[in-house]
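Hey, can you work out the whole structure from these sequences and the hints?
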Amino acid sequence: MTISIRSVEKKFGRYPALNHVDLEIADGELVALLGPSGSGKTTLLRTIAGLEFPDAGQVLFGAEDVTFASAAARRVGFVFQQYALFKHMTVAKNIAFGLDVRKGAEKPSKAEIAKRVDDLLKLVELDGLGSRYPSQLSGGQRQRVALSRALAVQPSVLLLDEPFGALDATVRRSLRKELRRVHDATGVTTIFVTHDQEEALELADRVAILNAGRIEQIGTPHEVHDNPVSPFVCGFVGEANRFEGTVSGGRFTSGAVSFGANGVRDGAAVGFVRPHDLVLDDGGLEVRVDRVHVQGALASVSARAADGHHIEITTSRADAPRFSGAIKVAPRMSHVYPA
Amino acid sequence: MTAETLSAPPSTPARRPLFRRRSAIPGFGVTLGVTLTILSLIVLIPLAAVAIKAATLSPSQFVAAAFSERAWAAYRLTFGAAFVAAVINGLFGVLTTWALVRYEFPGKTVINALVDLPFALPTAVAGIALATLYAPNGWIGQFLTPLGIKAAYNPIGVTIALIFIGLPFVVRTIEPVMRDLSADVEEAAASLGAGRLATIWRIILPALGPAWLTGFALAFARGVGEYGSVIFIAGNMPYKSEIAPLLIIIQLEQFEYANAAAIAVVMLGVSFLMLLLINAIQAWSRRFV
Ligand SMILES: Nc1ncnc2c1ncn2[C@@H]1O[C@H](COP(=O)(O)OP(=O)(O)O)[C@@H](O)[C@H]1O
Ligand SMILES: [Mg+2]
Numbered sequence: 001m002t003i004s005i006r007s008v009e010k011k012f013g014r015y016p017a018l019n020h021v022d023l024e025i026a027d028g029e030l031v032a033l034l035g036p037s038g039s040g041k042t043t044l045l046r047t048i049a050g051l052e053f054p055d056a057g058q059v060l061f062g063a064e065d066v067t068f069a070s071a072a073a074r075r076v077g078f079v080f081q082q083y084a085l086f087k088h089m090t091v092a093k094n095i096a097f098g099l100d101v102r103k104g105a106e107k108p109s110k111a112e113i114a115k116r117v118d119d120l121l122k123l124v125e126l127d128g129l130g131s132r133y134p135s136q137l138s139g140g141q142r143q144r145v146a147l148s149r150a151l152a153v154q155p156s157v158l159l160l161d162e163p164f165g166a167l168d169a170t171v172r173r174s175l176r177k178e179l180r181r182v183h184d185a186t187g188v189t190t191i192f193v194t195h196d197q198e199e200a201l202e203l204a205d206r207v208a209i210l211n212a213g214r215i216e217q218i219g220t221p222h223e224v225h226d227n228p229v230s231p232f233v234c235g236f237v238g239e240a241n242r243f244e245g246t247v248s249g250g251r252f253t254s255g256a257v258s259f260g261a262n263g264v265r266d267g268a269a270v271g272f273v274r275p276h277d278l279v280l281d282d283g284g285l286e287v288r289v290d291r292v293h294v295q296g297a298l299a300s301v302s303a304r305a306a307d308g309h310h311i312e313i314t315t316s317r318a319d320a321p322r323f324s325g326a327i328k329v330a331p332r333m334s335h336v337y338p339a
Numbered sequence: 001m002t003a004e005t006l007s008a009p010p011s012t013p014a015r016r017p018l019f020r021r022r023s024a025i026p027g028f029g030v031t032l033g034v035t036l037t038i039l040s041l042i043v044l045i046p047l048a049a050v051a052i053k054a055a056t057l058s059p060s061q062f063v064a065a066a067f068s069e070r071a072w073a074a075y076r077l078t079f080g081a082a083f084v085a086a087v088i089n090g091l092f093g094v095l096t097t098w099a100l101v102r103y104e105f106p107g108k109t110v111i112n113a114l115v116d117l118p119f120a121l122p123t124a125v126a127g128i129a130l131a132t133l134y135a136p137n138g139w140i141g142q143f144l145t146p147l148g149i150k151a152a153y154n155p156i157g158v159t160i161a162l163i164f165i166g167l168p169f170v171v172r173t174i175e176p177v178m179r180d181l182s183a184d185v186e187e188a189a190a191s192l193g194a195g196r197l198a199t200i201w202r203i204i205l206p207a208l209g210p211a212w213l214t215g216f217a218l219a220f221a222r223g224v225g226e227y228g229s230v231i232f233i234a235g236n237m238p239y240k241s242e243i244a245p246l247l248i249i250i251q252l253e254q255f256e257y258a259n260a261a262a263i264a265v266v267m268l269g270v271s272f273l274m275l276l277l278i279n280a281i282q283a284w285s286r287r288f289v
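Protein chains in written order, with the numbering used here: chain A, 1 to 339; chain B, 1 to 289.
Possibly wrong hints are sitting among the right ones.
[What the hints assert, rightly or not] Derived CB-CB ranges, DEER-like:
1) Leu117(B) / Ala63(A): 56 to 62 Å
2) Asp180(B) / Pro321(A): 57 to 63 Å
3) Ala63(A) / Leu181(B): 33 to 39 Å
4) Pro108(A) / Pro176(B): 33 to 39 Å
5) Ala63(A) / Asp180(B): 40 to 46 Å
6) Leu117(B) / Phe12(A): 36 to 42 Å
[To be verified] Simulated coverage check for chain A against chain B, where a stretch passes if three residues somewhere in it have a Cβ under 8 Å from a Cβ of chain B:
7) 62-72
8) 75-83
9) 128-135
Derived by calculation from the structure, the hints in this document are not laboratory data.
Nothing here was measured: the structure is a model prediction, and the numbers come from that model.
Positions of the beta carbon are idealized from the N, C-alpha and C atoms, including for glycine.
Printed below as a string of structure tokens:
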């Protein structure tokens, strides 16, 4: 199901939580809504779900305008950060709930429901746990139950609000892979909210970056990482060294740091250089290395420029020995925005 | 996945006796000791005294005292009215709690305080007030009389008094549970296609179940033992509207201490069995917590 969000606005009191949001999501896509806390991610997701209604604008599922349709009518699968499982029901009953509450001809037979529950338990690798209660499961298992419960109704779209937020790092990573696998297996259009850029970049087909109730950029993980359209996106997605300075004649200068800024108008500006875009260069900026930290195949180098500006460099582990004492580095790529 | 399997708690190597397991929670010995001492002093020993007193009767005397026709009528009324009142409180209490927890409305604080009033009000005051209201010529009674309903000086009157006494037990036990029900769970049900009624019936009420049973049991137990408010509105006619606690008092006034103890022992036994049963149901309904 394609989802179209058109000029959606939502205020809480006088505070605009969503500010003219436009978003088109293709059928079968896996999209991440990424942004800092309070940027309106949850509000946008709930508006798509029908748990919140916009003050202006439209939400379309396919060609159908569902702006004011109830959550029940939209057939969405919603996964909450805190699982929101029905504690008094077994895992199997939880998963079957969406089918159980159907009425008349819509309602599948007992055998069909049991079969569907079994299939879903297998899909999320929980087979054999159908008769447990949620309290007898780990956090990761609970979230998988929540996921299969949402999938049981064959939703037109699967919505997840920081689904891995309450889990520890290892479980989070394994569930991430699992969500991708489940998405690929079912082909259901999926939108998930996260404030973790690594998660968004790893998992999503496209990432929408929200800031203060607006979408700043939407694109593939590559696009938003390599061609950020704004200083906010540049700083939020991936690591970056940030410099404040001025542009004059197509060159950005900030203290001792200077690099090309073609096409940026003269005046105050901010420049960003990703740590892995800084390379050794005899004509470059002189910095002193404070510390080298090796992580797997990569090495993070903490250094300081003559003016005291802290600079992070990422290099390969093999090259790490060349980063010691006084070195000279230059950016092979940079992003400059008028301030 | 492996991470979760690994983080499963290791099975305890050497099993210790059940009550002597090592625990990081301090105070097992002290708390249990104090509990047993106090329970003995103020509950068990007096109850044992009742039983001992009743044991001074021969079996046939015991049966004559405890199972006379008049006593049977009193038990039926006491347990019946307490049960009916607890059921009514169970229904009404859920509605009251719902209103108090879910909505903001003017006068909410007052209603909140009113709910607790039966806890604090001397029961005799409540009994007299209720009797005055529900008497055939009372404020409320006068409207019931033309309908052919007599609400005071009969079993209905007893039930009314017990409803009054029991309401706060139900409200105050389910209130925290209802407050803790997260909006998420209801929204999850809605997104899965459940209507409002299905959500209430299949999600909210079952979640309240264990607390509701506790409230019900408390209201019921209180109703069985209630004396002060009931005697003013009951009419106290033997075989008709005489409650068992009153029968005990009457025996005491006639210095028939052993007979009084015999009736008390029957009430104790029945109450204990019923509470035990309710506790068992409750333990079963808490299996998912
Ligand atoms: N029910 C609400 N009432 C009032 N303000 C709200 C409500 N929900 C969200 N907000 C406000 O709207 C803004 C966006 O919130 P939210 O969508 O939850 O952000 P995010 O999920 O990105 O952290 C926040 O400033 C938040 O305080
Ligand atoms: Mg949020």
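Here is how each hint holds up against the structure:
no.: 1; hint: Leu117(B) / Ala63(A): 56 to 62 Å; result: 59 Å, holds
no.: 2; hint: Asp180(B) / Pro321(A): 57 to 63 Å; result: 58 Å, holds
no.: 3; hint: Ala63(A) / Leu181(B): 33 to 39 Å; result: 38 Å, holds
no.: 4; hint: Pro108(A) / Pro176(B): 33 to 39 Å; result: 38 Å, holds
no.: 5; hint: Ala63(A) / Asp180(B): 40 to 46 Å; result: 42 Å, holds
no.: 6; hint: Leu117(B) / Phe12(A): 36 to 42 Å; result: 38 Å, holds
no.: 7; hint: 62-72; result: holds (count 3)
no.: 8; hint: 75-83; result: holds (count 6)
no.: 9; hint: 128-135; result: holds (count 3)
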